[in-house]
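Residue strings, one per chain:
Number of protein chains: 2
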Amino acid sequence: MADSSAPTRVMMAVNESSLKGYPHPSISCRTAFDWTLSKLVRSNPGGFHFLFLHIQVPDEDGFDDMDSIYASPDDFHQMKQRDKIRGLHLLEYFVNQCHQLGIKCEAWIRHGDPKEVICNEVKRVQPDLLVVGSRGLGPFQRVFVGTVSEFCVKHAECPVITIKRKATEAPQDPVDD
Amino acid sequence: MADSSAPTRVMMAVNESSLKGYPHPSISCRTAFDWTLSKLVRSNPGGFHFLFLHIQVPDEDGFDDMDSIYASPDDFHQMKQRDKIRGLHLLEYFVNQCHQLGIKCEAWIRHGDPKEVICNEVKRVQPDLLVVGSRGLGPFQRVFVGTVSEFCVKHAECPVITIKRKATEAPQDPVDD
Chain A
1 MADSSAPTRV
11 MMAVNESSLK
21 GYPHPSISCR
31 TAFDWTLSKL
41 VRSNPGGFHF
51 LFLHIQVPDE
61 DGFDDMDSIY
71 ASPDDFHQMK
81 QRDKIRGLHL
91 LEYFVNQCHQ
101 LGIKCEAWIR
111 HGDPKEVICN
121 EVKRVQPDLL
131 VVGSRGLGPF
141 QRVFVGTVSE
151 FCVKHAECPV
161 ITIKRKATEA
171 PQDPVDD
Chain B
1 MADSSAPTRV
11 MMAVNESSLK
21 GYPHPSISCR
31 TAFDWTLSKL
41 VRSNPGGFHF
51 LFLHIQVPDE
61 DGFDDMDSIY
71 ASPDDFHQMK
81 QRDKIRGLHL
91 LEYFVNQCHQ
101 LGIKCEAWIR
111 HGDPKEVICN
121 EVKRVQPDLL
131 VVGSRGLGPF
141 QRVFVGTVSE
151 FCVKHAECPV
161 ITIKRKATEA
171 PQDPVDD
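Protein chains in written order, with full-length UniProt numbering: chain A, 1 to 177; chain B, 1 to 177.
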C-alpha cells in the first residue's frame, strides 16, 4: 500500500467567527480543521492537499458598515477592498498552519450563497473530499445541523464529512460560532 | 507530526447486496470501504482501526423464507442461525481485506433498525469517525441520500462521512444496491 498515488485533495469551507471577529476563524471551522489534521492526515502530510474556500456573503459582510455613509462609487470600492483583506487574513491562518506542517494547500475567495458556491466549487475543482464544520447542540441532545452542511451532504458531488462543534466549545448563544 | 497517538477509529456500517445476494457486500458499502482505504488510510495502515458493524433487520432477512413453514421453535432457531452465518460471511469479507493490508479491525452484528442501531453503537463505542455509504442518483442529477445516512449525519455523536455510490455503478433500479 505505497503512497504512490496523487495526494487526497481535501476541500474545506472556512468562515470568520461571529464572536471573536476579524481575523479569527469560526469555532466550527477551526474544530473541523484540527480534527482533520489529527484524525485523517495524522503522520502523513504528503498524502493530503488542502483546498481552502472562503465565501463572502455580501449582506453579512456589510453588517459592520451599517452606520457608514456611501456617497460615491469609491466608498463601495473601499468596502470591497476591506472585505477582501479580511478574507485574505482568514485564509492566511489556515495556509500558515499547513505550511508549518508541510501540507500543500491552496486558498481562494468566492462571493455568494455559501451552500451553492461550495457545491459549484466542488463541481469545478473536483476534490476527493469536502469537509464542512457545523454547529451542534451537544452530545446528549438532539443535534441541529446547519443548512449549509445538510445541503452539501445532499448535493456536493464528492464524499462529504460533517464535523460538529464540541458541546463544550459552543458559545452561550449556539447561533454564534 | 509523529503518529504517536492512538489509531483513528473508523466505524463502518456494512450490509448485504440486494442484487448479488449472499455473501456479497452492497455496492454502496463496498464503494465507501474502497474509498476510505485509498483516500484516507493511504500508506498509513497503522494509523487506523476499523470497526465493522452489520445490522440485521428482522423483517428483511426473513424475506427469503417467505415460503417456508415454521412449525416449531426449532425452525425459528434454524432461521436465526442461518441469518447469523450470512452476517458473519459478510463481515469476513471486510475483516479479510483489512488483514491483508495490515489494518487492525473488529466486527460485530446487531439487530434492529439500522439508523437507530448505528447511532446507539456510536454512543457506546465512541469511534472517531463514522463512514456511511449511500445510494446516489448520479453526478448531474439532484442526489438522493438514503434516510439512514441522513439520520446518522444529524444524530451520530461523532464526525460522519457520507460517500455516495458512483453513478456508473448504480444498478438499473437505483433502489437496489
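There's no promise every hint is true.
One copy or any two copies: either way a pair holds, since identical chains are not told apart in the list.
As the list claims (entries may be wrong) - With a Cα cut of at most 35 Å, we get these calculated DSBU-like pairs of lysine-lysine:
{"no.": "1", "residue 1": "K166", "residue 2": "K123"}
{"no.": "2", "residue 1": "K20", "residue 2": "K123"}
{"no.": "3", "residue 1": "K80", "residue 2": "K123"}
{"no.": "4", "residue 1": "K80", "residue 2": "K20"}
{"no.": "5", "residue 1": "K20", "residue 2": "K104"}
{"no.": "6", "residue 1": "K104", "residue 2": "K166"}
{"no.": "7", "residue 1": "K84", "residue 2": "K123"}
If you are wondering where the hints come from, they were derived from the structure by calculation, not from laboratory data. It should be emphasised that the depicted structure is a prediction, and the values quoted were computed from it without experimental measurement.
Tell me the numbers of any earlier hints that the structure contravenes, in ascending order.
Going through the list in order, the structure violates no hint and respects every one.
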